[in-house]
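Same order as they appear, the protein sequences are chains A and B. Take 1 as the starting number for the first sequence in my numbering and just add one per residue. Take 401 as the starting number for the second sequence in my numbering and just add one per residue.
Honestly, the hints are just simulated from the structure, not real lab data. Note that the coordinates shown come from a computational prediction; the quantities given were computed from them, not determined experimentally. Please note that a few of the clues may not be correct.
[Claimed, not checked] List time: in silico BS3-like cross-link candidates among lysine-lysine, alpha-carbon distance up to 25 Å:
| no. | chain 1 | residue 1 | chain 2 | residue 2 |
| --- | --- | --- | --- | --- |
| 1 | B | Lys592 | B | Lys614 |
| 2 | B | Lys586 | B | Lys653 |
| 3 | B | Lys443 | B | Lys586 |
| 4 | B | Lys457 | B | Lys653 |
| 5 | A | Lys212 | B | Lys443 |
| 6 | B | Lys642 | B | Lys614 |
| 7 | B | Lys411 | A | Lys225 |
| 8 | A | Lys273 | A | Lys363 |
| 9 | B | Lys443 | A | Lys225 |
| 10 | B | Lys411 | B | Lys457 |
| 11 | A | Lys319 | A | Lys334 |
| 12 | B | Lys457 | A | Lys225 |
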Amino acid sequence: MSHAIKQERKATQALAAVEKETRLMQGNQAIAEGAIYAGARFFAGYPITPSSEIADECAKRMPALGGMYMQMEDEIASIAAVIGASLAGAKAFTATSGPGFSLMQENLGLAVMGEVPCVIVNVQRSGPSTGLATKPAQSDIMQIRWGRHGDQAVIALCPASVRECFTLTVQAFNFAERFRLPVILMPDEIVGHMRENVALPLPGELEVLQRKAPGGAPAAYLPFKPDADGIAPLAAYGSEYVFHVTSSMHGTDGYSNNDPANAAWRVRQLHEKIERYRDDIVLTRSYYTEEMEVLIVTLGATTRAGRAAALEARAQGIKAGVLQLQTVWPFPDKEIAALGARARMVVVPEMNYSGQVAGEVQKALGPGADIRRVNRYNGTIITPQDILDAMIRPANAERG
Amino acid sequence: MSHATGLKYVKPGVMPHMWCSGCGIGGMLGALLRAFEELGYGKTDTVVVTGIGCTGKADDYLLTNALHTTHGRALAYATGIKAFKPQLNVVVLMGDGDSVTIGGNHFIHAARRNIDLTAIVLNNLNYGMTGGQVSGTTPEWAITSTTSYGNPEREFDICALAETAGANYVARCTPDAGWEMKEIMKQALGRKGFSLVEVVSPCPTHFGRNNDMKETPAMLQWLAERATPVERYRQLAEAERKSHFPIGTLVDKHEPDFNTRYDTIRARARQA
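Only chain B is shown next, with the shape it has when bound in the complex (with noise of 0.2 Å):
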């Protein structure tokens, strides 16, 4: 068997794309194509949905059914889409802004209903498009181009708000591990109920530039230092794993998703 390239769900002569050097929403992009072809995804029974921002820009590449919403909204989109046609696959790709700055009303909520969508979260850890200001996941006292002194409040941990709010399936990766990465999608997006991956990812134009770690290489080495299997990171001590963030499987539950819990509703409804 051929390896997947996942190149059957690229628009023709959009190369090179939009992102800078380093950042890791191409790659983040590829893992998921891989894992689209290795589960044999249509391009008619999916739908990517988009938010704004440097990850946002992701279905301008796709010859899937897309749809590019408002910031922050994604989810609450494609919890209409889901909720009528529970057939479809919808795809969310979403910055940290989008998930859990200007939409994590919609991403909570999107996962206590435990709607059957996979969401992937492209956290650059900082407002990539917009030049570089602070989000809900920029690490406290990191400086950003609205944080000039160091950023005084505390980053959303992504994975473990979607935990607490009842994802059925969540994994943390990095860029850098595209093997991995696309496995984890490919279990994320097998699994009804919401799914939630986050990729942590190397900004250097900005995140990078602002932290002392203006090149790739700094920022991958960042990453590196910080990501850990979960195995290895819950032995951690407690005073340890606040330099690191766990990668991997965090969560992997069967609970029934919303649309199976609404045919029990319509049943009921047709026997009142």
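In isolation and in its complexed conformation, chain A is listed as follows (with noise of 0.2 Å):
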């Protein structure tokens, strides 16, 4: 590239920093921004289809930024890395899809154990196995919170359009910062290979928010020790505070610890922050639910085909309405009940045969619901007239 075209190129960037700029984006891609304006330096990962532009993504950005992009060995070691990373100061993340997110779980473990941030994006393709290794699918649902051995749970959002790529990565971060654990973004193929314009939101606009840091005596730091907001601050290796973590049960003091006791504390502890926080973590958004007798619950890809649904099926005279889980686990029952008390029908559009999403909408609404499931398991997007089939088909009726 010649040296007037690159002045040229500069002097556009200005201009076009000036005002907001609109680009056209693929959800992938605004994964990785989101991941950088949130202040990600730090990406370890292992490619595979269909999330490996998050990583062609952030080799391109992460080190004229002054961070990195490294390429591991497989995604047992992407995982360690990225927890290692933070461990050491860094906001760092890796993205993946179901094969890689199952090699990930035992060190994933760790990170909720030694309560690490951390971002793992995985981009939902359909299985069993290697399965259909291009297609989406919205299986892993019940893997991302049940996956690993032990006791545990995690904090996952899934986004719906390529602008929630981004500004769900940002809310990941924020969430595996503050509360000290990782946070899965769960998008399915179709929302990670979607390609939209979108305005990115301008540095300052969305909230960043960093780790709490020990203050006090470094000696008598305690990196489990929580705070009165049920959160422990936490070091970096390198600085004074000199601190251990361990995948083994532990003290506050980071020590190993066989006592009862504290055991039954520390696993406590582990699902209290999360319990405790529940509703600044639980995101949904509403389409059309003031006057609602049908209630459309959705997710990712089947976002746009449930609101395309309830305008349509609005048009025939039913009154549908849509709520997006954003946030998946913890699961957003009391916002489905609330919501489905209203209604006389609920109907989950998911991709996969056994109603993930749908079992969670059982529990939250009790025996006695209306509820309707749409299943496809055929790496095919569901359609709007799936969604208005189930509506109108009799109650308990063989589901399509």
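Build the complex: two chains, separate frames, hints provided.
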């Protein structure tokens, strides 16, 4: 590239920066941009469809920012390196899909146990096993919640648009930093590969949180002793605060501790820090729910189909509304129960066979609720018509 | 000058340690901490990363920063720490299971990447913590609790593996020679790039008991018969080498480490 062209491009970029930039972007690219906006400067990963564009973008963008892209030997190493970098003070993340996410589970457990902030993007694809490797699915919902051994909880967010890929990535980092835990961003392949025009938030427009650092005397620092807010401050390796982190059961000082009372406290605390802030963490969006007889519960790619179905239903005289789950874990049961109480029927479209969301909706609404499942598990998208069909079929009919 | 004891890195009140009588881990750890002291390592700028197993318990005795990880993955965690904060001294303590059996993939890639870590592998020739099962370094035909009729598989040569994969520094020692072990560890710690020290250790409790060396002296004798200074080892005939292993510094190179190379990437990216 000639010097003149470079200069001109720089001038154009400077102009564009003044006004809010609208860019045609892919969901995966917006995730990488969102992570950088949130302050992520370390990415370690292993290529896998349909998430690889996130790695590509980080490899291009991180070095000039003083950050780092590391291509590790597998996904086990990727999440391990992310956790290591986070403990050294980085905002760190990785991106993968089903097979890689499966490989990450054991080390993700260490991030929970060691209370290490990090973000894991699982761009969901169709399984089981290698499955339809390039096709979308929403079938990792339960694995994201329960995939690790031991009793534990995580936060999971699911974007439905390219803009949400950006904003929910920033939110994922904020939750990770604020609550000292791994947060999983779980777009499906459709959203990850979708391209839309987006006006990206300007610097300072979205809140960006940093983990709480310790104060006081370094010798008195206890890396697992929660403050009154329920969260323990986290130092970075290399600071004056020396600390231990272990995958084993440990006391507030981070050293191994086999005392049953301590073990019970630790397990409880790992859950309670999420339960306590549950209402801050659970994010939903609702559409057309003011006057409503049919509630459609959506996440990710089913959101647009659900909204289109609701509008079409209203044109046909059925008052339908949509509740989009931006937060999937902890599950928005209260929000579903509140809206579901006003509806005679709840439709749950999701791209899996087993009704992983519908089962949770059932729990939230209790027995007797008219819940219509709409399931696709062949790698193709759920259409508005699929959802409309579910509304008009008789209760308890064979699902479509 | 008084002798380095390494005690300033040891958590008060944790002794006696949990390792069996005759085991080499305590000696290995002592040599490492004396090396820390002689090199002037601080507690704040040092991170000890451990895996799982007998050697993996070492971090609980230490006052430096520490990360006790999952089985076989210590090097991958350490890679993230060092890559993001190159000014830290990152030392990885593993057993033969962690390093070249379950974690073999991370081992060869850490060496290939030449990331500036010091990896200490305590090779006790079997899985001690779980009761003496066969590992990737158990000698062929040796008896373990899962090879009752002898090990049908051949063992890894940890040092040869590290050398082939691209490590800058490779050395082997035995825990009966504490001063030599400490000196080797100082060299490994001081060398930029991936450094590997294999400490071949007795395990009288399991490996020894299963192979007619129940008492520690018998295991030490077994090691002494095999451990051969590298200069002498290189003069041995091929047939003789089979019953010996070389000790001392085996590889000593100065190739640029991962972080140095990544600085080049950053400079290129800024000019693009």
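To see whether the hints hold, each was checked on the structure:
1. Proposed proximity of B/Lys592 and B/Lys614 is contradicted: the alpha carbons are some 40 Å apart, above 25 Å.
2. Restraint check for B/Lys586 and B/Lys653: satisfied, since their Cα atoms lie roughly 15 Å apart, inside the 25 Å limit.
3. Our distance criterion of 25 Å between C-alpha atoms is met by B/Lys443 and B/Lys586, whose separation comes to about 17 Å.
4. About 31 Å separates the Cα atoms of B/Lys457 and B/Lys653, which puts this hinted pair outside 25 Å; it is violated.
5. With a CA separation close to 22 Å, the supplied pair A/Lys212 and B/Lys443 stays within the 25 Å bound.
6. Restraint check: the Cα-Cα separation between B/Lys642 and B/Lys614 comes to about 24 Å, which is no more than 25 Å; the hinted pair holds.
7. For a cut-off of 25 Å, the pair hint linking B/Lys411 to A/Lys225 stands: about 19 Å separates their Cα positions.
8. As the CA atoms of A/Lys273 and A/Lys363 are separated by approximately 23 Å, the hinted pair is consistent with the 25 Å bound.
9. Annotation: proposed proximity of B/Lys443 to A/Lys225 holds, straight-line Cα distance about 21 Å (limit 25 Å).
10. Note on B/Lys411 and B/Lys457: the hinted pairing holds, with a Cα-Cα distance of about 13 Å set against a maximum of 25 Å.
11. Proximity of A/Lys319 to A/Lys334 is assessed by CA-CA distance (about 22 Å); at most 25 Å being required, the pair is judged to hold.
12. Distance restraint check for B/Lys457 and A/Lys225: the Cα-Cα separation of roughly 23 Å lies within the 25 Å cut-off, and the hinted pair is therefore satisfied.
Violated hints for the displayed structure, listed by number in ascending order: 1 and 4.
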